[in-house]
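Generate the whole structure from the sequences, applying the supplied hints.
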Amino acid sequence: MTMPNGNGNNRNGSGHYLPPNLGPRHKRRKIPPWLLRSRFNHPSKQKLVVKLLPLYFLIALIITSVVVLSGAIATPFMLTAGAYQYYYSRVELGKEYELSFETTRIYDRNGKLLYEKQPDEGVREYVQIKDIPKFLIDATLSAEDPTFFDNQGIEPNAFMRALYINLSGNGSSGASTITQQVARLLFMSPEERNSKDVVNRKINEVFLAIKLTEKYTKQEILEKYLNTIYYGNMAYGIQAASKGYFGKDAKDLNLAEASMLGGLPQLPSDYDPTVDEEHYQLAKRRQKRVLELMIQNEKITPSEADQAYAYDIKSHLNDQRRKNITMSAPHFVNYILLQLDGTLSAKQLTDAGLNEDWARGGFDIYTTLDLNMVNKAQEIVTKSLDDLKKRKATNAALVALRPSTGEILAMVGSVDFNNKKIGGQFNSAIAQRQPGSALKPITYATAMEKGWSAATVIADVKTSFPSGGRLPYVPQNFDNREHGLVTVRQALGSSLNIPAVKALQYDGVQTMMDKAKEMGINFQDTADRYGLTLTLGGGEVRLLDLTNAYAVFDNLGRKVEPISFLRIERHGQTIYQFDRTKLSPKQVLSPETAYIITNILSDNKARLLAFAPDNPLVLDRPAAAKTGTSNDFKDSWTVGYTPDLVAGVWVGNNDNSAMDGVAGSIGGGLVWHDFMTQVYKDSVLQKIIQVDGKPLQLDFERPATVVEVLICADSAMLPGPNCPATRKELFAKNKVPTQRDNWHILVRVGKDTSGPCVAGADYPDEAAENKVYFVYPQELGGYQQQGDPPPTQPCQPYVPPTPTPAPTVDPGIAWPGVTVLVSTTIPPSLAPPTEGDKATPAPTATVSKPNPTSGGLTIRTIPPQPQATVKP
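Using my numbering, you'd call the opening residue of the sequence shown number 2 and step up by one each time.
Any given hint could be a false lead.
[Claimed, not checked] In silico DSSO-like cross-links for lysine-lysine, where the CA-CA straight-line distance does not exceed 30 Å:
{"hint": "1", "residue 1": "Lys249", "residue 2": "Lys315"}
{"hint": "2", "residue 1": "Lys212", "residue 2": "Lys135"}
{"hint": "3", "residue 1": "Lys682", "residue 2": "Lys390"}
{"hint": "4", "residue 1": "Lys422", "residue 2": "Lys289"}
{"hint": "5", "residue 1": "Lys421", "residue 2": "Lys244"}
{"hint": "6", "residue 1": "Lys518", "residue 2": "Lys635"}
{"hint": "7", "residue 1": "Lys219", "residue 2": "Lys249"}
{"hint": "8", "residue 1": "Lys390", "residue 2": "Lys315"}
{"hint": "9", "residue 1": "Lys635", "residue 2": "Lys391"}
{"hint": "10", "residue 1": "Lys131", "residue 2": "Lys315"}
{"hint": "11", "residue 1": "Lys587", "residue 2": "Lys734"}
{"hint": "12", "residue 1": "Lys203", "residue 2": "Lys348"}
{"hint": "13", "residue 1": "Lys688", "residue 2": "Lys583"}
Just so you know, the hints here were simulated from the structure itself, not pulled from any lab data.
Pasting the structure below:
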């Protein structure tokens, strides 16, 4: 198969490509939402409308002025023309700001170089318009500005279309033409380009575009654009993109490659096909849309589009930019770069008011990361996964933070960054995955904020919950057993599923989601969509977010944002400095709830319904931890913390395939245990987690408002007179129980009756006994059916027993099978008076051996013996 530009390539796939909804006139399709908005940042539609409404009406006025001056409308609109003239004269087409990229260096917290983003990564390789294939120009114009050769630098139809889309709430769309983009990128100063004054910036952009059209030819403007625009993955300009993605000059691109590159500038980070399979599929969808637009604009035929779309472009991706680039802690470095290019939120920087042109470089960025800790984490992750390969586990991620400040100390995004087979470059530390039971601490914390305590009793018995569907939701515990009455401490410590669902039902799903959001977790769907399965891992979260949420427990309920920047310099001048003393943590949980959750998660006895005593969550120091396992063993989690360090681990496969029985304790738990142990064994790593050189904390700080109270073990109330056993439990001082135990009642029951009954007053003490019964509360559901309820029926009137006659011995009676012979005499002290040396004999009853014929015993009197004997 020969591509239209003459390059020979093998076809991959089959089926004629014909975009839908194309009639004889090739009508433009409605713009699909996935082409209009980023997957990562979706601004509020209401905020978008409020922000853009005055701007759109002002620019609409300017566009009208352009039409006026073109002679299409006469004198009634001269006032509008006057406004146009005012803004036109105010804007000057000054010098062209060349792309003068400088090296940006990224360091760890100790000044060790992690990465140099150098200007020779394909960003300044200029190419003339004559060396750019027509396919690429057609693809670019079809995707970005179809009326480029006809408009005056601005495009009223595109503007009005963007106005409609943004105000209708059906997505978001920009209205910048190619000329406007050139004006913004090359003829605005960095300060003006990044100004927060959106209205004036947009007005200046419009008039700069008009003046550019007057000064330069369309070919010159297009050449500037194609050498300036960002194509993702550090490639600025089409030549850099062509070499970076396909390892060839731009002039050698075929239609398939050109149509893919032509669609990248809209969302370059989202559509980068070299990141992973998900990004590649997004790039293919975007390519399909570009080919469709090229057909609509009559640049290619459906047959040519079919060939281009079927072309095996994946096998020709050749990421030259990453070759010969040294990068330490690569997942964290990319996490930093994604914040700088706007793909990921850089809240730390925006909160500090930084508004830099990061793409132009020249920065020295000192991060919170410690390379020593990262290397240790990578070593442990790699070794652990070698052991788990036989159980079909291929990948893992680890995040470690300083809980008091949110500083990211370590981030490992995969077992091997360079292993394409497992998708090693994909950062699983910031990927959305199902957390299994690792969300349960948040569920119980929400319940405690509403009134529960660590002593609250829950019935761990089979329960049907309404699901909104045809069948009810009937959760099961991990061990497929029911454990009867359990406390919140036991239920959370042993990760029991049925009590957790009951806790979420008590919370309300939306209430729990709101609390999780306050703690830093943003779910991707609604409460109705998740339902009660949410607490068992029904909603996806990021490892980084979940780990930072656990830091809230460590911080006695205070939430801090994850921090990744310590200091930023440019040309030797510090433009940002992180100051931990100026942090303003938000109190999202009461200190009492946070501490009690920590106390439960560090209580190894509370785990014993489900874990062995020597489980991986136990360290040689106080540590709180929780595991999580998703359905079919696709995800294995453990998140835990000491007073000085919080770490989260995920183990699984990037393709979402199931592992072979790798539960949270086996996968994530072992990695977490080894990492935490090694950090505290290594004196160098210990210094990292110290704050300002202060000694490490030996135990979790207990608030003065948390008290230990003696309670009845079964009911969690204050002990009453009938409570059979007591224990101690922690409570918030203002939530200490005040009611005495009334679950245990004393009943006087009859003895030796046909069944349990209440003894009346006629029963003497020897015919009755006092017995304690456990009365099950109604709120425990069907559990009372499993117990022994107290009797309610009175006993029959008491009838004294008939006296039994005393037993007598019949000399002739025989006891079969017994053989005894006893001979006795009177002790000397009791002997009768003597006559000289002669003792007076006394008769003695003796039992001798049985008669062999009768088989019984014979009792007879024998003469007295001079001495007592016992015969065998």
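Quick one: which hint numbers does this structure break? Sort them smallest to largest. The structure breaks none of the hints.
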